[in-house]
Amino acid sequence: MKAIVDCNSFYCSCERLFKPELNHRPIVVLSNNDGCIISRNMEAKSLGIEMAGPYYQMRELIEKNNVAVFSSNYNLYGDMSQRVMAVLKLLTGEDRVEVYSIDESFLDLSHIAMASLEKFGLEIKETVEQWTGVPVSVGIAPTKVLCKIANRFSKKNDKGITLLDNEEKITSALKNTMVEDVWGVGRQSALKLKAQNIITAFDLRNINEEWGRKNLGGVVGVRLIKELGGMPCIQMKDPLKIKKMITTSRMFGRKVATLDELREAVASYVSRAAEKLRRQYCAAGILKVFVVTANKNPKEYTPESFAVEVKLPVPTSLTQVFLQYALPMIDKLYRPGSLYLKAGIILSDLSPENTVQHNLFMGTDTKNTKKLMEKMDNINFSMRNDVIKFASSGILRNWRMRQDFISSRYTSRWEELKEVK
Amino acid sequence: MDINQFNRTAYNGSKDFDQWNVQNANATGFGAAADDFMERGIDLNEQLIRNKPATFFMRVNSDAMNAAGISKGDVVIIDRSLKPVNGKVVIANLNGEMLIRRLENLRNKVRLLPETDKLSPIEIDASCCDFSIWGVVTYVIHVP
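Line order of the protein sequences matches chains A and B.
Residue numbers for the first sequence follow the working numbering, so the first one is 51 and each next one is one higher.
Residue numbers for the second sequence follow the working numbering, so the first one is 1079 and each next one is one higher.
Hints in this document: simulated from the structure, not taken from any laboratory.
Heads up, some of the hints might be wrong.
[Said to hold, decoys possible] Listed next, the in silico DSBU-like pairs over lysine-lysine satisfying Cα-Cα at most 35 angstroms (straight line):
no. : chain 1 : residue 1 : chain 2 : residue 2
1   : A       : K169      : B       : K1187
2   : B       : K1187     : A       : K468
3   : A       : K114      : A       : K471
4   : A       : K276      : A       : K114
5   : A       : K169      : A       : K114
6   : A       : K95       : B       : K1130
7   : A       : K69       : B       : K1161
8   : B       : K1150     : A       : K95
9   : A       : K276      : A       : K264
10  : A       : K326      : A       : K382
11  : A       : K326      : B       : K1187
12  : B       : K1196     : A       : K209
13  : B       : K1161     : A       : K169
[What the hints assert, rightly or not] Derived contacts from chain B toward chain A, CB cut-off under 8 angstroms, selection only:
no. : residue
14  : K1130
15  : F1135
16  : M1136
17  : A1142
18  : A1146
19  : M1176
Heads up, the beta-carbon is just placed ideally off N, CA and C, and yes, glycines get one too.
Using the sequences provided together with the hints, build the complete structure.
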């Protein structure tokens, strides 16, 4: 059996740990630059505040309800995440924990007897919560995909833990899960499935594997169907899906006219896409930046799309390398006077990171350069806001991140410790 | 570098020290006298942090615990994995505030005791206050 341990509204929980005055109050955390809402707690959710919604659109609702607003404080979240993962490793065993993201981990529980799974899960939950102060929910099931489904129910029940250890429980959980909520089913696939009258995860489990192979991305689709059926196919440490192309783009909440805003948007899409790329241990060889313009006459809707593409000298997965290319590209695309609806980036020509061929003319010290990049990347993760200043690219300095509501780095800076009375 | 080494529960100190680091083992004159007694030296992290992922630091900004040797400006080390038993100095959440006090936990009565004449004990009535223990204070770092 496997488990997933997922921190509840992780960023909000980190903020609340050091601000008890926020108990029972709605909280949201904003993305870099204070653009979008990237974390909200239950109280904020029940106010109707949407995830990934632009901050300014929600502003009225936020102010009216006295919602606590924070800029993202990755120093704090990174440290708290380390703590959660350390406790999980202590309780389950170092090599039984696969850290999946900043706030979730898969656990391999094959060494725990079926009868003690629930007790073990509860112990994990209670220990993590007591030691780190971060509330978590636990989903235990035979496969990763089922763990994810179990965990959706854990978020709703009071115990915070769901165990799918027999066919009856699994079937009932599947029947109560929509296909679009299944881990690994994208929006496009969900539409395709619904058109075939495949509505719930239970319907999905029962479809023909061949149909899945054809319509759900080949072997990935087959694995998904098998996993839903309780047959483990996605091993620990196996990334779910090796994507062939990674696209990050968003419609702007309002039409954007300035280059600065476009650059900000592109820079943030690049970091998100690079993060996804690294998550599947790949490097990308081609970077494409595109913008979509609005028509000047508001009564017409004939958006036009412009794109530039660059083939990188060496495939990479490092955010800062992509940024070096992406920002001049957006500069090139930008036409003063145009209004923009949307911008985005596409990473393609993906290859596994460890098979990247280094260019003979890249210099003799590529190994060290890579090491340096790796370090920068790590620092970038934990101290994001500081490193942006360090980045060799002078272009970046123009891109000032808005962090109007940032809290202290309570766990990583001696000068910013929480004060007690 | 394995960043995790600093985040394990059993903290093994931040120094890599092995026999090759004994400087005077290679002394050209007299060497052997102290070689056999070389140690790693004292590492405060090892001494003061027993459970790394559960350990937090906070700064005291009140005179509430003066008589206990905890002054304004001191940094306290807090271990969330310890049980808050009667008599421990704790960080408590009370109605949205974080307080440092000595915990008195007798039968069904819980009180937060200051260690100064200027403040009075706070009696905890579970029905009317928002109260919880945040963690147990294990050490104080004080600048004399």
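**Prompt:** Against which earlier hints does the structure fall short, listed by number upward?
**Reply:** 4, 5, 8, 11, 12 and 18
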